[in-house]
Amino acid sequence: MTALRGFITKEVRHILRDRQTLALILLLPLVLVILFGFAIRTDIRSIRVAFVDPGPSAASLSLENRFQGTPSFHAVATVASTRALGPLFRRSAIDQAVVFPADFARGLGRGAGRVQILTDATDPNIGSMMTAYAEAVIQGWTAGRLASGTASPGVLASVRTAPAIAPETRLRFNPTLASEDLFVPGLIALVLTIVSAVMTSITLTREKERGTMETLLVSPLRPWQILVGKVAPYLVLGFVNLVTALAAARLIFGVPLRGSVPLLLAEGLLFILVCTGLGVFISTRTDSQRAAMLASLAGLLLPTTVLSGMIFPISSMPPWLRPITYVIPARWFITIARGILLKGVGMDVLWPDTLVLALMAALLLGASARLFKVRLA
Amino acid sequence: MTAAGSGEWIRSGRGGRAGSREGARRWLRTVGFLVRKEFLQIFRDRVMLFEMIAIPIIQLLLLSSAATFEVRDSRVHVVDESRTAESRALIRRIGASRHFTVVSSDPSMEGAERGLATGRASVIVRIPRRFSDRLAAGRPAPVQLVLDAVDGATAGVVRSYLGAIAESVGAELTADTRRTPGAGGGTLAARGGADGSPVAAASTSRPSLTIRSRGLFNPTLDYKDFIVPGILVLLVTLIGTLITSMNIAREKEIGTLEQLNVTPLRKSEFVAGKLVPFWIIALAELSVGLVIAKLVFALPMRGNLLLLFGAAGLYMVVALGVGLWISTAVETQQQAMFLTFFVMMLYVFMSGFMTPIESMPGWARALTQLNPVRHFLFIMRGILLKGAGVADLWRPLAVLAVMGVTVLGLALRQYSKTTE
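Quick note, the sequences are listed as chains A and B, same order.
So that you can map any letter, position 353 of the first sequence is 371 in this note's numbering, and since no number is skipped, the others follow by simple counting.
So that you can map any letter, position 398 of the second sequence is 413 in this note's numbering, and since no number is skipped, the others follow by simple counting.
In short, the hints are calculated from the structure, not lab data.
Every residue gets a Cβ at the ideal spot worked out from N, C-alpha and C, and that includes glycine.
Ranges of calculated distance between the beta carbons of each label pair, as one might list FRET restraints:
id, chain 1, residue 1, chain 2, residue 2, range
1, A, Ala-265, B, Gly-126, 34 to 40 angstroms
2, B, Gln-56, A, Arg-37, 29 to 35 angstroms
3, B, Gln-56, A, Val-261, 38 to 44 angstroms
4, A, Arg-228, B, Gly-402, 51 to 57 angstroms
5, B, Pro-157, A, Gly-162, 24 to 30 angstroms
Based on the sequences and whatever the hints tell you, model everything.
Here it is as structure tokens:
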């Protein structure tokens with residue numbers, strides 16, 4: 019055991035000596051969480067709209083004013099023909115166009131008004147949201163005319179004042195639909211995955227690259243002791259990262275913490291163990307730092323972002339793809355973290371996810387220990 | 016900063032017209048040797064080679080299908096307190112929608128709330144006891160929707176889908192009651208009658224203001240069309256930046272950089288020799304990726320592909336230049352890797368790849384202007400999805416050109432042939 023203690027002391031000295039890298043390890047995750055916590059939004063703030071109004075009338079101008087009075091809409095152009103829209107859309111100068119026919123006012127008077135909404139649907143999600151926004155504005159305008167008596171009897175009859183079934187909505191766990199509450203736990207999971215996996219895979223492959231691994235192997239240290247000694251200090255660093263990131267989430271973003279703090283920290287530690295285990299596993303399969311980094315950064319960054327449910331809901335994915343998300347450690351930790359932070363649930367609900375993480379840790383570390391031994395021979 | 020031992024080369028390079036042509040030829044020859052050396056090194060490391068090829072292809076295939084916000088099979092827990100033909104009609108319609116699956120109809124609200132907390136259900140639809148009576152009386156019949164709003168965007172979509180279903184079921188049910196004689200009269204019939212005018216009665220089925228909405232460039236609202244170009248660009252960028260950023264750092268670590276430094280190699284030759292091999296690899300990867308995107312995901316290609324590759328060539332100089340700059344600035348591969356990680360995170364989250372730039376706060380939006388991926392993705396989507404041409408895209412192209420010159424200049428300045 020003294021050998022192990024000595025080895026860990028050596029590792030810690032190594033880490034503490036390289037101040038630059040240490041500062042990077044400790045600050046980088048925090049900076050990333052704060053930066054993207056502010057930047058990632060999925061709500062729509064501004065829609066740049068153009069009007070095509072070949073025969074301006076009081077009615078069409080009133081509807082245009084209605085758009086301009088709505089905070090999400092910014093009118094950027096009024097053109098006379100739809101022909102002018104092509105370049106505007108292609109340059110992405112506008113997101114949406116509201117097209118009035120030349121006889122808009124007359125049609126409206128007869129109770130047969132027409133208006134067309136053209137939306138840039140390059141991003142389908144945003145596209146359909148923008149369409150819904152514009153439709154709501156037009157419907158609101160029609161209802162407003164109705165109330166003020168400027169509408170013809172034709173309009174009056176067709177606008178239903180109340181729907182037959184009136185859904186009333188309650189939003190649980192995130193009633194203000196705050197993007198931070200959703201993304202910050204995911205960001206923490208993503209950043210921890212990569213930093214932990216990268217750090218451990220590099221520290222082991224560097225020993226290989228420099229030839230010092232052989233020195234370690236002929237020392238009285240047993241293979242598992244080498245692994246433990248390598249992983250332990252990074253486990254501590256990862257935990258520090260977790261705590262600072264959670265503090266930032268709480269203090270800067272006001273992410274609620276409805277569940278148990280000790281449970282969250284324990285789950286976080288388990289998750290970091292899985293990620294460092296992943297790093298060790300990668301290092302047993304690669305010989306150079308380059309190959310290890312390619313695997314741990316290029317191999318993990320996008321899959322963790324896309325498949326963990328951090329941004330894209332897993333329930334939206336095609337059924338054949340969903341089982342693949344099971345191998346992403348962050349998927350389980352994100353469920354756990356959102357559960358504890360936002361829903362306030364405990365182990366009675368989260369035990370399956372915890373079990374999966376525990377199995378992953380056992381599997382990764384077990385496989386690494388085996389593969390590591392093989393290299394000894 | 017001075018290039019030790021290269022004075023003679025510089026002089027010959029700056030000679031007369033014949034001398035400069037001779038210099039250029041020599042420059043190209045030297046760079047050619049360096050490129051060959053890099054290629055030999057790349058193809059020797061089988062693990063690296065495998066990673067460079069396999070990672071982008073596998074990820075492009077897998078992630079492209081995963082990245083969607085479309086709501087499908089959202090799990091609905093129904094609490095039916097009404098238990099009438101009308102409430103069952105509503106439940107049937109929700110279950111029949113491809114967006115929803117009814118997972119449970121446990122009649123207790125506590126059970127339903129628990130389902131929401133555990134994640135077994137993502138929305139509760141509660142139909143109260145008075146639902147049918149209110150409907151029959153021609154008054155708005157309440158239905159309560161309780162949503163798991165942890166994912167606010169999805170919750171919003173679920174809410175609007177359920178609202179649309181409720182509206183159409185409501186219309187049908189009231190139409191039924193109107194047709195049924197003596198059923199007390201539906202809402203629409205009552206109002207139509209009150210108005211009295213025949214025109215108005217006829218127009219109930221034809222609203223006075225028809226809104227026609229059309230999504231341009233992606234009329235089927237296929238998320239893949241939007242996401243595939245982004246995933247492709249990011250994968251190629253990730254591999255390219257990582258490899259270049261670690262390249263010189265590795266030579267520093269192994270000590271071979273000093274060997275290169277004492278050769279009469281010029282700085283520009285060195286940088287070109289480091290850039291060209293990875294530029295070729297990155298463009299090859301991008302081409303393979305585009306072929307896969309076309310064959311597997313039927314990605315539309317509406318614009319000029321020549322322009323696309325021209326822009327890609329320009330963009331790759333910027334992306335790899337950033338990698339090279341990182342590599343010259345750091346001492347170890349570990350530091351290179353951390354900086355690359357930071358840059359890649361910026362690339363992923365501040366490029367408009369998944370989340371819209373327009374939704375970001377002002378300072379973040381300004382920051383995205385410095386992001387080459389943002390500009391190239393804008394060009395890619397413009398050419399592929401919108402069929403945009405040079406006239407539409409000259410601004411991002413110019414930005415990329417300026418970035419390329421700046422980054423290469425920085426890398427050249429940063430790289431010093433002398434060590435302290």
